[in-house]
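Student: Sequence:
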Amino acid sequence: RLVGPNGSTLKAIELLTQCYVLVHGNTVSAMGPFKGIKQVRKIVEDCMKNYHPIYHIKTLMIRRELEKDPTLKSENWERFLPQFKKTAVKKKKGDREMADKIKAAAADGGLAAALEEGGKKKKKEKKVYTPFPPQALPRKVDEQLESGEYFLSTQEKDARKQAARSKKQKDTVAVRKVEREERFVAPKVEAKSAAKKGGDSLAEVGERLKASSSKGGGKKAAADEGGVANYLGGSARKRMQSGD
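Under my numbering, the final residue of the sequence shown carries the number 365; numbering is consecutive throughout.
By construction, these hints were calculated from the structure, which means they are not laboratory data.
Result set (DSSO-like, lysine-lysine): computed pairs, CA atoms no more than 30 Å apart in a straight line: (1) Lys156 x Lys132; (2) Lys132 x Lys163; (3) Lys159 x Lys179; (4) Lys291 x Lys261.
Kindly generate the complete structure, drawing on both the sequences and the hints.
Tutor: Okay, structure coming up:
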């Protein structure tokens with residue numbers, strides 16, 4: 122912050138305070154008149170308190186212009202200087218939730234209990250300190266040494282991989298075959314008894330249909346025979362009349 126982009130902020134501080142300022146790591150050194158060194162010290166201290174140096178630079182520029190006017194020597198310059206207000210920093214999620222709880226409890230009347238609850242901080246579980254570093258994960262070579270694969274030849278390794286691949290394929294084929302066969306299995310239908318329905322059984326219904334069909338067939342046959350006899354008698358009668 123003190124140095125700024127391409128050292129522009131530092132150069133502005135040096136021109137306004139008439140001091141030589143050097144920033145090295147976490148150390149700031151300044152050389153110049155007593156008044157300028159006091160201004161540099163104020164800028165650096167406020168920068169450590171999270172105030173940007175640009176605010177002080179603006180103030181120094183205005184003061185420099187006011188010093189040129191002799192009529193304003195005996196007047197107060199506060200009305201000309203900018204007033205910078207520090208904006209409120211957004212609270213964290215946990216602090217915001219706690220503030221909402223306190224407000225709700227205050228509205229209900231239990232402000233004291235809410236303050237006590239807000240004052241209690243969640244205790245973090247302390248981890249057991251061990252001076253030893255965590256155990257390193259095994260390397261691929263270590264796993265091969267344990268299983269004995271490291272000492273196998275290239276052909277034996279390929280044969281192992283092929284065997285594992287074929288076994289996996291067989292298992293997959295078996296699972297898919299079972300899934301296909303499950304589609305063709307007929308669902309189980311529960312035979313509902315006739316007593317539950319409150320009707321006749323299937324045998325009785327079948328006998329009744331046979332009887333009705335036999336009756337209807339006899340009547341139809343008789344009607345057909347009567348119709349044929351009437352037709353023949355009518356035709357004979359007509360012939361006799363025509364002969365007369």
